[in-house]
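> What follows is each chain in one-letter form.
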Amino acid sequence: MASTFKNLSPNDKISTKTLLHEAIPLTGTILSGTYTDLNIKNYSHGMFQSVYDYPYLSSSANHIFDITVGFANDSALSASSPVAAAQQKKKINLYNQMAQVLVGYDKTGSIQPFDEDGNLVDGTKLKENIFLSFSRLLVKDEVKRGSFQMTVSVTGAYDPANFGKTVVVSDFGAVNEYRINSPVGEYGILYASNSSGQTNIDSTKLGAGVLANHAACGLIYYQAGVVVLSGSLFTLSGSGGILSSSVDGGGSAIDFGDGFTFSDALTGSSISSSANLLRARIQNIQFNNTVELNSSIYFCRINHNEYNYSANPTYLSQSQIRVKQESSDSPVAYVTTVGLYSADNQLLAVGKLSEPLRKDPTIEYTLRARLDY
Amino acid sequence: MAFQDNSGDIIFDVVLTDEGRRRLARGDGSFNIVKFALGDDEINYGLYDTTAATQDQDIEILQTPVFEAFTNNTSVMSSMLMSIPRNNLLYLPILKVNEIADGSSTEFHSKNVFHVAVDGNTENNNGVSGGDGIAFDSAGKIQTGFMLGFSTQKSSNYLRIDAGIDNSAVPPATNIADLFLDETQYSLEIDNRLGSIISKDGTTRLSPASVDDDNIALYVVSTETDPDFVFVNTVTDSGTGNGQVIEGARSTYLEFRIASSIDLRQSNFLFNRLGAELSDLTSQDGVSTPDYRYIDTLVKVTGLNTGYSVDLPIRFIKLK
Numbered sequence: 001m002a003s004t005f006k007n008l009s010p011n012d013k014i015s016t017k018t019l020l021h022e023a024i025p026l027t028g029t030i031l032s033g034t035y036t037d038l039n040i041k042n043y044s045h046g047m048f049q050s051v052y053d054y055p056y057l058s059s060s061a062n063h064i065f066d067i068t069v070g071f072a073n074d075s076a077l078s079a080s081s082p083v084a085a086a087q088q089k090k091k092i093n094l095y096n097q098m099a100q101v102l103v104g105y106d107k108t109g110s111i112q113p114f115d116e117d118g119n120l121v122d123g124t125k126l127k128e129n130i131f132l133s134f135s136r137l138l139v140k141d142e143v144k145r146g147s148f149q150m151t152v153s154v155t156g157a158y159d160p161a162n163f164g165k166t167v168v169v170s171d172f173g174a175v176n177e178y179r180i181n182s183p184v185g186e187y188g189i190l191y192a193s194n195s196s197g198q199t200n201i202d203s204t205k206l207g208a209g210v211l212a213n214h215a216a217c218g219l220i221y222y223q224a225g226v227v228v229l230s231g232s233l234f235t236l237s238g239s240g241g242i243l244s245s246s247v248d249g250g251g252s253a254i255d256f257g258d259g260f261t262f263s264d265a266l267t268g269s270s271i272s273s274s275a276n277l278l279r280a281r282i283q284n285i286q287f288n289n290t291v292e293l294n295s296s297i298y299f300c301r302i303n304h305n306e307y308n309y310s311a312n313p314t315y316l317s318q319s320q321i322r323v324k325q326e327s328s329d330s331p332v333a334y335v336t337t338v339g340l341y342s343a344d345n346q347l348l349a350v351g352k353l354s355e356p357l358r359k360d361p362t363i364e365y366t367l368r369a370r371l372d373y
Numbered sequence: 001m002a003f004q005d006n007s008g009d010i011i012f013d014v015v016l017t018d019e020g021r022r023r024l025a026r027g028d029g030s031f032n033i034v035k036f037a038l039g040d041d042e043i044n045y046g047l048y049d050t051t052a053a054t055q056d057q058d059i060e061i062l063q064t065p066v067f068e069a070f071t072n073n074t075s076v077m078s079s080m081l082m083s084i085p086r087n088n089l090l091y092l093p094i095l096k097v098n099e100i101a102d103g104s105s106t107e108f109h110s111k112n113v114f115h116v117a118v119d120g121n122t123e124n125n126n127g128v129s130g131g132d133g134i135a136f137d138s139a140g141k142i143q144t145g146f147m148l149g150f151s152t153q154k155s156s157n158y159l160r161i162d163a164g165i166d167n168s169a170v171p172p173a174t175n176i177a178d179l180f181l182d183e184t185q186y187s188l189e190i191d192n193r194l195g196s197i198i199s200k201d202g203t204t205r206l207s208p209a210s211v212d213d214d215n216i217a218l219y220v221v222s223t224e225t226d227p228d229f230v231f232v233n234t235v236t237d238s239g240t241g242n243g244q245v246i247e248g249a250r251s252t253y254l255e256f257r258i259a260s261s262i263d264l265r266q267s268n269f270l271f272n273r274l275g276a277e278l279s280d281l282t283s284q285d286g287v288s289t290p291d292y293r294y295i296d297t298l299v300k301v302t303g304l305n306t307g308y309s310v311d312l313p314i315r316f317i318k319l320k
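So the sequence lines, in the order shown, correspond to chains A and B. In terms of the numbering used here, the first sequence opens at residue 1 and continues consecutively. In terms of the numbering used here, the second sequence opens at residue 1 and continues consecutively.
Zero decoy hints are in this set.
DSSO-like cross-link-like pairs, simulated, lysine-lysine; straight-line CA separation at most 27 Å:
(1) K140(A) - K17(A)
(2) K17(A) - K35(B)
(3) K141(B) - K111(B)
(4) K300(B) - K6(A)
(5) K154(B) - K141(B)
(6) K13(A) - K35(B)
(7) K6(A) - K35(B)
Simulated from the structure, these hints should not be mistaken for laboratory data. Keep in mind it's a predicted model, so treat the numbers as computed, not measured.
Use the sequences and the hints to build the structure in full.
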């Protein structure tokens with residue numbers, strides 16, 4: 001009997017997973033300069049600042065990331081008087097919000113603070129932080145481990161145009177070493193390293209062994225797409241940071257901006273002002289994102305004795321097959337389309353070939369139809 | 001849809017159809033691919049030159065540009081490839097509308113459509129003589145090319161599709177099953193908002209096998225399960241005439257009517273949205289040509305064994 005459908009057996013279907021990566025370069029001029037901050041959106045609530053890749057009033061603009069700052073309840077900054085500490089409560093709330101989502105709770109249900117090396121039991125806690133939350137548009141499923149890199153200015157005197165003294169922040173070694181004790185998945189430790197030919201990081205803050213040129217300065221949460229930068233990145237070692245006193249020519253503090261040290265900026269200026277100062281210090285950010293592509297592959301096996309005839313109206317002339325002159329000629333048909341059907345004959349997926357495929361009794365094909373999810 | 005780039009390697013571009021996405025979103029397991037079929041919608045086999053040298057016979061066909069995949073499930077796979085165990089066939093069956101099977105009962109209207117009167121008023125002024133009913137003539141006989149979509153229990157005109165080899169080279173006495181060309185099951189596709197498929201005598205109402213995202217209902221009937229719809233053609237008289245339109249070996253035939261939907265009977269919404277108005281049909285009083293609303297649509301009938309399909313132009317009508 002003639003037939004048009006062929007059943008797919010369990011051996012004709014397989015599921016696979018593929019990881020796709022895109023390089024995401026964000027140049028500092030996008031963050032500060034090119035659009036004279038028309039691409040920077042501040043909100044009346046003042047909790048965070050959004051960065052777009054184009055003036056945000058344009059429909060062409062894409063949201064790329066948010067900046068906010070916060071400090072822990074038990075940070076020394078929390079002790080500043082409420083009058084002096086601009087948005088103090090909001091900054092504490094933001095720290096706690098980030099910490100409860102990214103670090104989680106201890107056994108008593110208390111929010112755990114960010115930890116410099118991921119060992120939550122002890123060690124240095126990151127209590128004054130900058131948070132960069134990248135949009136899903138950029139991160140897709142996750143940031144690729146070991147791909148994050150960010151160059152920031154650590155020039156002692158605030159100068160938005162000056163990238164003379166910089167450090168490179170990266171998730172060095174995260175391909176092979178990362179942490180999984182976060183409720184939001186994997187995270188890595190961010191390390192600052194000296195830019196080529198510079199010694200901006202205090203040598204006592206550098207690690208040992210493979211980390212000999214790196215000083216821990218934050219965390220990156222890969223699936224969440226959140227970067228936590230420690231305030232130590234913009235603080236001299238004498239004040240608890242990682243920077244050498246050489247960055248400001250031997251002074252006792254660096255001007256994070258507007259005459260503030262980083263700590264002063266967190267207590268003395270609003271979140272959006274701190275975000276502005278940070279943006280002016282970012283020379284570039286780059287990372288690779290990851291898309292987890294799940295695929296079902298259907299092998300449409302076409303044997304030599306199958307699909308050699310067509311029901312195309314042009315195939316016949318008065319019921320006679322056009323591609324034959326006599327019955328002993330081989331039948332031939334041309335495939336342009338593959339339809340994948342449900343049991344009730346509904347077309348669920350369709351594949352098109354870029355050119356017609358000749359099919360006659362001397363030819364067999366296996367067409368591999370891949371559906372990505 | 002654009003054409004695909006055919007300048008290099010063969011590319012196989014696969015997408016989910018809108019119905020596939022809908023079933024996937026439903027998450028009820030109805031997205032389950034169990035079989036495949038091949039199509040050749042773009043191919044014009046008239047370009048095949050049997051008189052040319054072998055390597056040149058299909059050169060124009062192989063150069064045919066192919067469209068990107070349409071995501072509308074009813075827009076592709078219009079013509080399918082078939083598997084037939086024998087390679088030495090010279091003739092294949094087709095589906096053919098039979099307008100001479102039963103006097104004028106299966107004949108299309110002179111406008112080349114089949115009208116479906118959607119309510120009693122349109123049929124015969126709800127049984128009151130005179131008036132504007134347009135499905136019957138002044139003698140009380142149902143007009144040619146009209147179907148009673150409302151009074152489904154009443155005798156009515158109907159549609160008939162015959163399957164077989166339309167060439168006298170394979171005489172009607174030939175057992176088409178021996179050629180592996182028997183057509184034993186059909187699918188019918190109709191816009192579910194407009195109507196449904198019922199048997200010729202109106203006693204059997206089919207349930208659609210599925211209704212897709214575009215409201216296209218799919219019905220499947222076969223000789224085994226639907227004896228009110230699919231009949232074996234046992235007539236072996238040669239030639240056409242005597243109610244036969246297939247010249248050669250005959251297979252089965254499909255008979256059905258269309259019942260109008262409740263939406264069409266009770267509301268003008270779809271007529272206003274999808275249709276238009278005319279006043280060119282004579283009412284049962286034999287004089288007036290009342291205004292009526294209409295919607296033109298297609299009912300697609302496909303032979304599921306041979307893949308051959310025909311589109312039947314149907315016009316749903318309703319008096320204003």
